[in-house]
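Visitor: Whole structure, please, built from the sequences with the hints as guidance.
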Amino acid sequence: MSAAARGRADERGARLAALEEAEAEGRLDEAFAAGEMDAGEPTERPRISCWSATDNGVHAIDLETGLALFDACQAAKSPIDHSAPLVWIDVACPREPEAEFLRDRLHFHPLAVEDCVRGRQRPKLDRYPGYFFLVMYAAAINPARDRMALHEVHLFLGRRYIVTVHDHRVAEFGEVLARWRADTAAFSTVGTLAHALMDTIVDHYFPVIDHFSDRVEEMEAGIFEGRSEQGGLERLLNVRREMTLFRKVLGPQRDVVSTLLRRDLPFLSSELSLYFQDVHDHMMRVVEEIDTLRDLLTGAMEAQLSVTSNQLNITMRVMAAWSIILMAVTLIAGIYGMNFHIMPELAWRFGYEWALGLMLALGCVLLVYFKKRNWL
Amino acid sequence: MSAAARGRADERGARLAALEEAEAEGRLDEAFAAGEMDAGEPTERPRISCWSATDNGVHAIDLETGLALFDACQAAKSPIDHSAPLVWIDVACPREPEAEFLRDRLHFHPLAVEDCVRGRQRPKLDRYPGYFFLVMYAAAINPARDRMALHEVHLFLGRRYIVTVHDHRVAEFGEVLARWRADTAAFSTVGTLAHALMDTIVDHYFPVIDHFSDRVEEMEAGIFEGRSEQGGLERLLNVRREMTLFRKVLGPQRDVVSTLLRRDLPFLSSELSLYFQDVHDHMMRVVEEIDTLRDLLTGAMEAQLSVTSNQLNITMRVMAAWSIILMAVTLIAGIYGMNFHIMPELAWRFGYEWALGLMLALGCVLLVYFKKRNWL
Amino acid sequence: MSAAARGRADERGARLAALEEAEAEGRLDEAFAAGEMDAGEPTERPRISCWSATDNGVHAIDLETGLALFDACQAAKSPIDHSAPLVWIDVACPREPEAEFLRDRLHFHPLAVEDCVRGRQRPKLDRYPGYFFLVMYAAAINPARDRMALHEVHLFLGRRYIVTVHDHRVAEFGEVLARWRADTAAFSTVGTLAHALMDTIVDHYFPVIDHFSDRVEEMEAGIFEGRSEQGGLERLLNVRREMTLFRKVLGPQRDVVSTLLRRDLPFLSSELSLYFQDVHDHMMRVVEEIDTLRDLLTGAMEAQLSVTSNQLNITMRVMAAWSIILMAVTLIAGIYGMNFHIMPELAWRFGYEWALGLMLALGCVLLVYFKKRNWL
Amino acid sequence: MSAAARGRADERGARLAALEEAEAEGRLDEAFAAGEMDAGEPTERPRISCWSATDNGVHAIDLETGLALFDACQAAKSPIDHSAPLVWIDVACPREPEAEFLRDRLHFHPLAVEDCVRGRQRPKLDRYPGYFFLVMYAAAINPARDRMALHEVHLFLGRRYIVTVHDHRVAEFGEVLARWRADTAAFSTVGTLAHALMDTIVDHYFPVIDHFSDRVEEMEAGIFEGRSEQGGLERLLNVRREMTLFRKVLGPQRDVVSTLLRRDLPFLSSELSLYFQDVHDHMMRVVEEIDTLRDLLTGAMEAQLSVTSNQLNITMRVMAAWSIILMAVTLIAGIYGMNFHIMPELAWRFGYEWALGLMLALGCVLLVYFKKRNWL
Amino acid sequence: MSAAARGRADERGARLAALEEAEAEGRLDEAFAAGEMDAGEPTERPRISCWSATDNGVHAIDLETGLALFDACQAAKSPIDHSAPLVWIDVACPREPEAEFLRDRLHFHPLAVEDCVRGRQRPKLDRYPGYFFLVMYAAAINPARDRMALHEVHLFLGRRYIVTVHDHRVAEFGEVLARWRADTAAFSTVGTLAHALMDTIVDHYFPVIDHFSDRVEEMEAGIFEGRSEQGGLERLLNVRREMTLFRKVLGPQRDVVSTLLRRDLPFLSSELSLYFQDVHDHMMRVVEEIDTLRDLLTGAMEAQLSVTSNQLNITMRVMAAWSIILMAVTLIAGIYGMNFHIMPELAWRFGYEWALGLMLALGCVLLVYFKKRNWL
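Chains as they are written, first to last, in this note's numbering: chain Z, 1 to 376; chain V, 1 to 376; chain D, 1 to 376; chain G, 1 to 376; chain C, 1 to 376.
Calculated from the structure, these hints are not laboratory results.
Here are some chain C residues pointing at chain G (derived, C-beta under 7 Å):
1) L233
2) E234
3) L237
4) R240
5) R241
6) K248
7) L326
8) T330
9) A333
As the structure is a prediction and not an experimental result, all values here were calculated from the model. Note that beta-carbon positions come from the ideal geometry of N, C-alpha and C, so glycine has one too.
Guide: So this is what it looks like as structure tokens:
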């Protein structure tokens, strides 16, 4: 283990310790929001956290209490039955014990639980008796590597509870938690909470779009400055790949949001549907932006090809013109380098000057000719 | 601050003063129409203006009166209830106070108001209780920079009022205002006013299309005149980008107009629907034109590539032919430049002429050969 | 004014005079059909003509009578009410007075009349109370310039009348008029007449398709004959542009014909719908043919690119091979042209022959080598 | 007339005579099946044949009897009314008299008859009162020219009769006729016969697909063997064109078969619909195969382009490397060929060897350098 | 027969013998699962096997018993009628006798049986009275040749029986059989068994996707390492072809699974439909993944082209620069190699050094110039 690696490990240990402390105090939302998490890095330890809204705000509660409240939620008659408090259970980095917890303690369907653990699902909305299972992707730009990261997020939406499952730290969750804490009254139903989560996730797409947009603009600018080195092409291919992967996820996700609007979902009050319509509009905008960017990128690549072949043309013309000029002039030198006994010019008083003049004249004539043909 | 910059600032101040004066007199429509506004430049000062139609024409009114009328409009029972006059409130360049005004005084939905302030929305038509919220884009060619500018426009359409929100000066608004003033009687409902606005916006797309069309034609003409310099390619990429951005906006905008036709909207009398059908036809035509232009541009770019590679072929053939001719002739000179003691030709009486003749003959034979193979 | 131009003007005057005469005699159909019209050229004078079917055939009638009959048509109770005769009013090259005539005298909707005068509409079918407004495009190949011309045609279809508006002479109208005259009995309703017009217009697309098809075939043939000169590429780009423009018009036109079939139109008897189905089939065929041609053209262009880059490869190999051969041989000449005091070969009896032999041998070895590598 | 042409004419006459004889004996199915027909060649003589199923099998009958039976068929009350025998009338190469026969004697609709005579229709299914009119295309590979031929086929399907019209000999008809003869009982309704015809036509598409598939595979194999000569490219373009033309026909034909399944057609018993479903599956498979092949072909063409430009790269590197090596070495020879009075090396004892050594050394150094850069 | 071939034959004989033995003991699932089968190789011998679930597990039974049970299944009143045991009959590599068995003994429809024997069907779901006929494709990567193999699989799904028909050994069947044996109780209906089969088949697509994904990534990595040799291109074309073929099969297969969900199928209890929804999601994911991969591959190929033409540009610039430098320097040597009697430099004391210096200076100037223009 090198010194540098050890240094990194120490640093990481310190950060994890700070996080643990934050969590211990139920300050995970702060931990989330304080920029301490690394989007590209999985949380290492499986962990289950609970929050619940009471009259004096939102508090982190221990699992025991959380489960008791969860069971009470199950008994709630309708999404707006305020006798049961809202409960949010967050499962991070689920392994076999967590899967068992979801399956046997929370009684979620084995298929949904399997999806949570195996991951790599399509965005989708599955209706199970008593709850919905939602798969979405959060996107972020990893500032260190300048790459997009997609994090799969699973949500179980019940009458008065919400259960989130994720593998990586998702900054969006921390943000929503902070907003819930700040204004508990505004989040009276699961629908509001679900909207806040989806809205935040979709809002975080825009910086990603901007990132892509910047890359495409750089690329476009680079074409005409002759910066066509390999590095640029490699970055371009990366951006293109990331945009393709992002687009793959966005398609079904847009369908999920459309479904939320069309279907008659029990936790969607008519007032909320305006808000989900808003999420849908943003979603549509993201899809259109990314399609436009892909279009622009294709255009830029074609322009690049055009520029390259244009430059090749110019190079070849320069080479052709100068080759012909130099060869023609060299030919004259070659002629007067022949060893014939009788070559009148050789004996001339100004023969040498005559030859040099001939070369110069021929060279100039050709030069002018090629200039006129625009080859030089 | 350089002298030139100061000059520009002075000039700008003068223009703003003139505008202020015009507005003070309720002559904003003239200001709009007089070509004083700069499509590419945001209005600097947030501002709220009101107009109302009375028996003796359309007049600019102060905000107080406007709001009183607005409240009366709210109470109007139907779109054709002529007891309440038509009111148009225009909010330019909304900042926080204006947003508050829209939200708290006019009671528009927070989501719609947020869209107005944040901007960069998709064209859309949202139905809120009692009014519609419409997002459209006005397009113009900035004559100085020869570029397209898209300006987002928001409309709230109520029973007897219309509220417009925009960031930049929109020439189309001035035009409609002038028409309203000229023939007040023809604008009896909000529908007529909304149609006039949308119709004018769509009509202003055609000069943009013509601008693109001219660019594409120039490009096509340039291909065969050998004008394949970088500048042209750069302009082409710009036009292509602008067309892509324009197309991105047009798609959902067309859907908005279709929705207007299909849905049973309260402010759309059956007689008006003929007029909206007309707007829809124009919208469709714009979309088809832009798609055709993109098609033509793609065709032109492919032809450009073909021409470039064809020219490369020609260049290479010329170079190959002349290289071979000159090398072959130089070889003869090289041979008679060798220093062997016994080289019979060197002693010949016409040895020099023989060598020159040989060169000429070889050169001519090759020249004819390459001419025949069409390389020269 | 040059003599040639004057000659052309004279010639034109004569032709116009002949046409006037023909029209005066109600022989416009003959004028139409006699090949005197020039598809690419607008009729210069706005003009309104009338024809009506009586028991003893179809006759050109003066406008007064025409209008009286038109008013009678308006009163007709159903499309098959034979008490009113069929009337065809043709408005050529409408200017402001003609627009006024359409709007105020014939009482057509201002929007439709505006479309007629402004032109450049999408093909469409608008339903107005009491009549239909139809926009179509007639296509023709201008034999002189070998280019396609599209002529916009507007039709008002009422109970017992048909009003056509057009800017250019449309050969198709003359043809239908001639058929009406020849067999008046076969055209008993407006539907029959409208079918005849649309059928003729669509039938005239096929020569255009054939023209495109010929161009594409020429292009395909030209690829492998090495005819890749610029002229060909320019023609190709023209054909492609024309096909794109034609396609743009065909799409909505096909939708118009589909609408005619689907909608329950009063002038379409069930027996006629078989005939309109036929027009629809032909329309579909035209669209499919043009799409196929575009496909073929794309294929040809790609093949062209392939051929060009293949030829470049061949050229470069030839050049590379010969350059290397000639340079290598020249090197030997250069070596024996050095001026070292002691160079044994120079003094050899057959030194010169040795050098020549060496050159020949080296050249042959290289030649054989390149032949084997298939570079020559 | 040359001897060869006369020979061909004789041969043809003999074949025609044999065919006539076969037909006279009602053995057309044998004629069809015996490989005597040439798919690429129109039958020269218009001809009408009849077959009818009686208790003791299928027999060719004369036209008189056929027409009598046809009239009886018209009177049949339902498709399964076995009182009327099944009649098949085949019209080959219809000219005006045959068209008149179809129109006036068999009372088919003039539009359908016109389609039969004019040909070049889209595949379609038209419903006329009392019968259906079906247009399909039979495909075959002409073994001599290795090209695909498409033959238009028209079918009139009535209650108890089937009338086929075609221009070229269609092997598929002969096959169905033979199957009918072999097992008359299996063909009890028009539906069975129609299914047999369509099934056979679609089954004959598979050899065509295989032919295309072989061509594409050859092409793919050829790319990496460096066989990029023009001939191959020409064949490729031909295959591509044929696939495009085939695809153009397949699209609407698939729709026809779908329509057959969806619509409630009187001659389609529920049991038969399983069989038509089978035809539909095969049709879908053909379409998917051809689309896949087109995809593969596009991929192969792109790979071809890649290979070509890769080879150009290699060629240019070889040429660049050798040019530089030879020029550098020649430069040394040129230097020692200069005529300066004082050039020490010239007088050295081993000056010549020194020069040659220098050349060799320089050449080797450059050679190694270029080998390392992978240019050679 | 070479020794190697004989060796292979022996080896094969031994393996077949082992398989026979395994089958004889009803251990086919083990045979399937033990990796003995070779995905790319058809089973040589037609064979019919039966399994049935009894109270004490699943057992291989002989054909007689199987058929008796099959007949009992036919009499079962509903899919959940547990009076009849579940029967699975597997037909491997059907030839004429097996087809007869399916047709005459099991009474399947001749069309379905023909599809089984002929193979090369599209994935589809056909409804026959009393049973469903399902065609699917299993995919596997042949580890030896690194190629994808698609194996057609036919399923007959009845009330209480399932009949599978296949040509090659399908590992998925063995897996399902093993699961059935391990937990007989979990497979109470045909639906569960069908789900298990389809689920396993679709799950086996993911390794194929991963295989393609690896190939594409290798390809992307190879572009910038300059590994553009032919071998890579050939592999790429293979991957592309396989992906195209796989995609061709996936499209209709996805439709089949959608149909399973939409249609009201008797063997699909509502609880099962959740599981089929899961299969559908996976199917969708496979399709999206393959489309994304094709997209990425296209991007990589375009980048490849860009890199190649970029490298050509670089090569040509190097060549142009060095050609011009060497030619210019050689020209000086040529000039001083001329034989004029009066050439002052020749007599200079440091003439030779002057010439060499001139050459060096010219070379350096040009070198610096080209370095500055970035050509070297």
